[in-house]
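*Asks:* Just so you know, the sequences run in chain order P and Y.
The opening position of the first sequence corresponds to residue 1 in the working numbering, with each subsequent residue numbered one higher.
The opening position of the second sequence corresponds to residue 1 in the working numbering, with each subsequent residue numbered one higher.
I should point out that these hints are in silico values taken from the structure, not numbers from a laboratory.
Positions of the beta carbon are idealized from the N, C-alpha and C atoms, including for glycine.
Treat each hint with caution, since some may be false.
As the list claims (entries may be wrong) - DEER-style ranges, computed between Cβ atoms: (1) P:N620 x Y:P146: 30 to 40 Å; (2) Y:V88 x P:V410: 20 to 30 Å; (3) Y:Y261 x P:P404: 22 to 32 Å; (4) P:G98 x Y:L87: 25 to 35 Å.
To be verified - Covered by chain P, according to a simulated footprint, are these stretches of chain Y (three or more residues, beta-carbon under 8 Å): (5) 62–71; (6) 96–105; (7) 161–167; (8) 208–221.
Unchecked claim - Just some of the chain P residues that point at chain Y, by a computed CB distance under 8 Å: (9) E192; (10) V232; (11) N245; (12) V247; (13) W250; (14) W252; (15) G413; (16) I421; (17) K483; (18) Y486; (19) V490; (20) A515.
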Amino acid sequence: MRTNTLSALIVAITGVLALSGCQKREAPGATEAPLAQAAPVAQSAAEPAQTEFPEKVFFGDTHLHTSYSVDAGAFGARLTPRDAYVFAKGNEVTASSGQPAKLRRPLDFLVVADHSDAMGFFPLILAGTPEIMADPQGKKWHDMIKSGQGNAAALDIIGNFGTGTISKAILPLPGTPAYASAWQDTIKAAEEANDPGRFTAFIGFEWTSNTAANNLHRNVIFRDNADKASKVEPYTTMKPLGSDNPVDLWKWMEAYQQSTGGQVLAIAHNGNLSNGLMFPTVEAFGQKLDAGYVTTRAKWERLYETTQTKGTGEAHPYLSPNDEFADFELWDKGNLDGSAAKTRDMLEFEYARSGLKSGLLLEKQLGTNPYKFGLIGSSDAHTGLAAMEEDNFFGKTTPQEPSPERLTKVFIGNLKSGVRIMDWEVGASGYAAVWATENTRTALWDAMQRKETYATTGPRMTVRLFGGFDFEARDADASTLAKTGYARGVPMGGDLGAAPEGKAPTFLVAAMKDAIGANLDRYQIVKGWLDKDGKPQEKVYDVAWSDNRTLDPKTGKLPAVGNTVNVADASWTNTIGATELMAVWKDPDFDASVAAFYYGRVIEIPTPRWTAYDVKRFKNKPLDGTRMTIQERAYTSPIWYSPN
Amino acid sequence: MRISSLLKEPLLHFLLIGMLLFLLYGKVAPTSAEGNRITVSRGAMAGLATQFQATWSRPPTPVELQGLVDSYVRDEILFREGVALGLVKDDPVIKRRVRQKLEVLIEEEGKSGGASDAELSAYLSSNAAKFQMPPVLSFEQVLFDPARYGDQLESAVSASLAALNKGATPESQGKGSMLPARVENLPLDLVVRDFGEEFGKALESAPVGQWTGPVPSGFGVHLLRISERKPGYVPSLDEARKAVTREWENDQRVAALANNYARLRKDYDVLIEGGNAEVPAK
Numbered sequence: 001m002r003t004n005t006l007s008a009l010i011v012a013i014t015g016v017l018a019l020s021g022c023q024k025r026e027a028p029g030a031t032e033a034p035l036a037q038a039a040p041v042a043q044s045a046a047e048p049a050q051t052e053f054p055e056k057v058f059f060g061d062t063h064l065h066t067s068y069s070v071d072a073g074a075f076g077a078r079l080t081p082r083d084a085y086v087f088a089k090g091n092e093v094t095a096s097s098g099q100p101a102k103l104r105r106p107l108d109f110l111v112v113a114d115h116s117d118a119m120g121f122f123p124l125i126l127a128g129t130p131e132i133m134a135d136p137q138g139k140k141w142h143d144m145i146k147s148g149q150g151n152a153a154a155l156d157i158i159g160n161f162g163t164g165t166i167s168k169a170i171l172p173l174p175g176t177p178a179y180a181s182a183w184q185d186t187i188k189a190a191e192e193a194n195d196p197g198r199f200t201a202f203i204g205f206e207w208t209s210n211t212a213a214n215n216l217h218r219n220v221i222f223r224d225n226a227d228k229a230s231k232v233e234p235y236t237t238m239k240p241l242g243s244d245n246p247v248d249l250w251k252w253m254e255a256y257q258q259s260t261g262g263q264v265l266a267i268a269h270n271g272n273l274s275n276g277l278m279f280p281t282v283e284a285f286g287q288k289l290d291a292g293y294v295t296t297r298a299k300w301e302r303l304y305e306t307t308q309t310k311g312t313g314e315a316h317p318y319l320s321p322n323d324e325f326a327d328f329e330l331w332d333k334g335n336l337d338g339s340a341a342k343t344r345d346m347l348e349f350e351y352a353r354s355g356l357k358s359g360l361l362l363e364k365q366l367g368t369n370p371y372k373f374g375l376i377g378s379s380d381a382h383t384g385l386a387a388m389e390e391d392n393f394f395g396k397t398t399p400q401e402p403s404p405e406r407l408t409k410v411f412i413g414n415l416k417s418g419v420r421i422m423d424w425e426v427g428a429s430g431y432a433a434v435w436a437t438e439n440t441r442t443a444l445w446d447a448m449q450r451k452e453t454y455a456t457t458g459p460r461m462t463v464r465l466f467g468g469f470d471f472e473a474r475d476a477d478a479s480t481l482a483k484t485g486y487a488r489g490v491p492m493g494g495d496l497g498a499a500p501e502g503k504a505p506t507f508l509v510a511a512m513k514d515a516i517g518a519n520l521d522r523y524q525i526v527k528g529w530l531d532k533d534g535k536p537q538e539k540v541y542d543v544a545w546s547d548n549r550t551l552d553p554k555t556g557k558l559p560a561v562g563n564t565v566n567v568a569d570a571s572w573t574n575t576i577g578a579t580e581l582m583a584v585w586k587d588p589d590f591d592a593s594v595a596a597f598y599y600g601r602v603i604e605i606p607t608p609r610w611t612a613y614d615v616k617r618f619k620n621k622p623l624d625g626t627r628m629t630i631q632e633r634a635y636t637s638p639i640w641y642s643p644n
Numbered sequence: 001m002r003i004s005s006l007l008k009e010p011l012l013h014f015l016l017i018g019m020l021l022f023l024l025y026g027k028v029a030p031t032s033a034e035g036n037r038i039t040v041s042r043g044a045m046a047g048l049a050t051q052f053q054a055t056w057s058r059p060p061t062p063v064e065l066q067g068l069v070d071s072y073v074r075d076e077i078l079f080r081e082g083v084a085l086g087l088v089k090d091d092p093v094i095k096r097r098v099r100q101k102l103e104v105l106i107e108e109e110g111k112s113g114g115a116s117d118a119e120l121s122a123y124l125s126s127n128a129a130k131f132q133m134p135p136v137l138s139f140e141q142v143l144f145d146p147a148r149y150g151d152q153l154e155s156a157v158s159a160s161l162a163a164l165n166k167g168a169t170p171e172s173q174g175k176g177s178m179l180p181a182r183v184e185n186l187p188l189d190l191v192v193r194d195f196g197e198e199f200g201k202a203l204e205s206a207p208v209g210q211w212t213g214p215v216p217s218g219f220g221v222h223l224l225r226i227s228e229r230k231p232g233y234v235p236s237l238d239e240a241r242k243a244v245t246r247e248w249e250n251d252q253r254v255a256a257l258a259n260n261y262a263r264l265r266k267d268y269d270v271l272i273e274g275g276n277a278e279v280p281a282k
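Given the sequences, and given the hints that come with them, work out the whole structure.
*Replies:* The structure is reproduced here in structure tokens:
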């Protein structure tokens, strides 16, 4: 068990444990609004229909913990991977705090990604290893269970456990092989829940490198089914079997693919709590970055978690002073347990935009861009509940499930460093959006691998981005958008090679609001490039917006969209903003000789934050400084331009 | 110095008494050499190697195996010392972990034996609502976004309705949208996912084969024509066997946990001081 993963939270845990389990809270009011019906429990008989190109975007969570994660269990989470899938499919479950929980709409996919360290807790009796089988008592129970007398065996074991007569040889002690793993059970839950064409239950885990509480976690996602995934145990960080260095995780991934013929990819956890370690530019773990490091990282780390409950890590106002939307749901006070405060020089190495910029620089130096990642959002909830709706938010941990107290409690507090993060700062964010030809493990995984994805902070807006050299204004036609985009350009996550003589990149962009969400304010393109001196630069362009606003002639800025939020009533109206935004945009500052990237950012009109819904519901008083409104957003994977 | 005076020497007495105490301690001390032995059995060694193989898909090298053994021994020593210091006692994380393990053991009993077809059929019919399949819809639609029509909305919708009734294609109407104009065989819950609750409701009752509307949604208002609506139904056991079996097993597990807890709970007296679970006054 990695205690340092949790050291900051121990105080919170012990306080919480006394309450959870025995305490039932009032049913929440969040389920007042009509809830969409769940996906059918029985699986669809028909084979999923595969489309020619991705016509549908699928929403899900690539990063959800259940009680199988040692810290989640300690927080009081009782739900298992099985429950997590049931919930994600839109069914009601009873949350660990005792209240009913149901999503407003089912998700399309889910990865239960429990921490690999200390994931195992299955008694070895079930696995029947040599030690157990050599012991008469162990063999007896093993045989009983295997022959279907599990009930009798369990009672016998419990009886012997109670009277202290379990053979010393098999008495399960931590650190001995007396526990197989919850891994097989996790796989089984995914296999049961997976429903090709309707709902994808991926097999995955989180590798939790956390030395000195600098968060370098990675989520590993399998393209494969149980036949291959069950042949391995997830990689851990504890030496000697595991390692906290991502380089070793990549070796494990390689070994898995070599030995099983399967495929895995890794998603780096939001780096905002890594204290400057997520995107190194000189050295990592005492080793100078070299061609090997950059190519291997680019090979395995296909996606980056840009937003989640522990804050959003797209951009930081210190790094992007001209971007008025950069100051968004930031967690920039320290590392994971608050033991080390953040310093400004760390920021450059832990935000997505600066990582993408550093990638261009490293490509120039070492020949490969290690930070050529697509963008997704996910929850990292430790509740088994991927419930990231502002008005139906079930928190990051079990103590943060709806209650009058969560508005004012401390989440992470470190007296020594002075770092303190409140529960209200936890975000109801986010989800991963994936453009795929069908809702299956293989199609969604392949889309992730080619980075045809975007991050959302919760709402399910539809976002398209195509890059090419000859899109024209008339291509911005909704009915032919996808056909045109794929035929004459590349989608998000793609590459543009050297520009034809005299041409600049053009982008066909479109966004449609969430069917039950807020209207859209604007569609922006964020460009990053290396200038003549090889220094990374960035610029944000407004390319499509609502309400016929005009750019300020002096600043070139688009005026704010306005605000209809009634905080006290936790309501807003769609009287401002647009249902759909569409445009063709040509880079006005293009230099064909330098590498660049372009990604889309779609911003909603202001809406109530979960804190406002809580105040309305529990009639409690927020602390000074509590944010009550939010402009939800989506971030697309970039399209890269390379002069070579 | 004579022997007799040596025998009277206090230092000698001191040494002799010390020696005696040392020997005596050796006889009665709780930490005998036996108690401090850690045996890395062949079984344990094989277990470590198996674990390595499971992680890396190859057996460990002798150096790697030695590393695993060293770590095993270290775990064992520190664990025993920690237990001796009482660090296990009242540790909420360990307590929760042990509870989890016991519950998994108990859940295992839920797996014993499979259900017969008769049991599954009975389960399916008593939980019919749970296994209900949704209606499946094929339809065409045209979106009118009020923001793009202003006060022309009503007239635009009626003009389009007239055109559609005369055979115009949905693609030729409205001002274009990323929403699909034609949808084939989409189950109702996915219609709701893509178009919202209100629109889904309308599809449940709208007439088949004729243009109708305006129907509101989160995007604006729509004209729509259903070409086919396959009604929802309760599947047969053969069709839903996998789901029924899974849910039945799940129910068994839940019941096993509840029954076992009830049985264990009976053996315990729980005394709540003051008679009620309340937060003590400060």
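*Asks:* Are P:N245 and chain Y close enough, Cβ to Cβ, to be under 8 Å, as the hint says?
*Replies:* Since chain Y brings no Cβ nearer than about 15 Å to P:N245, farther than 8 Å, the hint is violated.
*Asks:* Is it true that Y:V88 and P:V410 lie within 20 to 30 Å of each other by Cβ?
*Replies:* 28 Å Cβ-Cβ, so the 20 to 30 Å window holds.
*Asks:* If you look at each residue in the stretch 161–167 of chain Y, do at least three have a Cβ nearer than 8 Å to any Cβ of chain P?
*Replies:* Violated - the stretch 161–167 of chain Y has 0 residues with a Cβ nearer than 8 Å to chain P, which falls short of three.
*Asks:* Take the shortest C-beta to C-beta distance between P:V247 and chain Y; is it under 8 Å?
*Replies:* 15 Å, violated
*Asks:* Hey, does the P:E192 contact hint survive, CB to chain Y under 8 Å?
*Replies:* At about 5 Å, which falls below the 8 Å cut-off, the nearest Cβ of chain Y leaves the hint on P:E192 intact, so it holds.
*Asks:* Can the stretch 208–221 of chain Y be counted as covered by chain P under the rule of three residues or more with Cβ-Cβ separation shorter than 8 Å?
*Replies:* holds (count 4)
*Asks:* Look at the Cβ atoms of P:G98 and Y:L87 and judge whether their distance stays inside 25 to 35 Å.
*Replies:* Given range 25 to 35 Å: holds, Cβ gap about 31 Å.
*Asks:* Double-check P:A515 for me: the hint is only fine if its C-beta lies closer than 8 Å to a C-beta in chain Y.
*Replies:* 4 Å, holds
*Asks:* Using C-beta distances, would you say chain P covers the stretch 96–105 of chain Y, given that this needs three or more residues below 8 Å?
*Replies:* holds (count 7)
*Asks:* Does P:W250 pass the interface hint, meaning its C-beta sits closer than 8 Å to a C-beta of chain Y?
*Replies:* 13 Å, violated
*Asks:* Min Cβ distance, P:G413 to chain Y: is it shorter than 8 Å?
*Replies:* 19 Å, violated
*Asks:* Let me know if the C-beta of P:I421 comes in closer than 8 Å to any C-beta of chain Y, holds or violated.
*Replies:* 22 Å, violated
Violated hints, in rising order: 7, 11, 12, 13, 15, 16, 17, 18, 19; the structure is consistent with all others.
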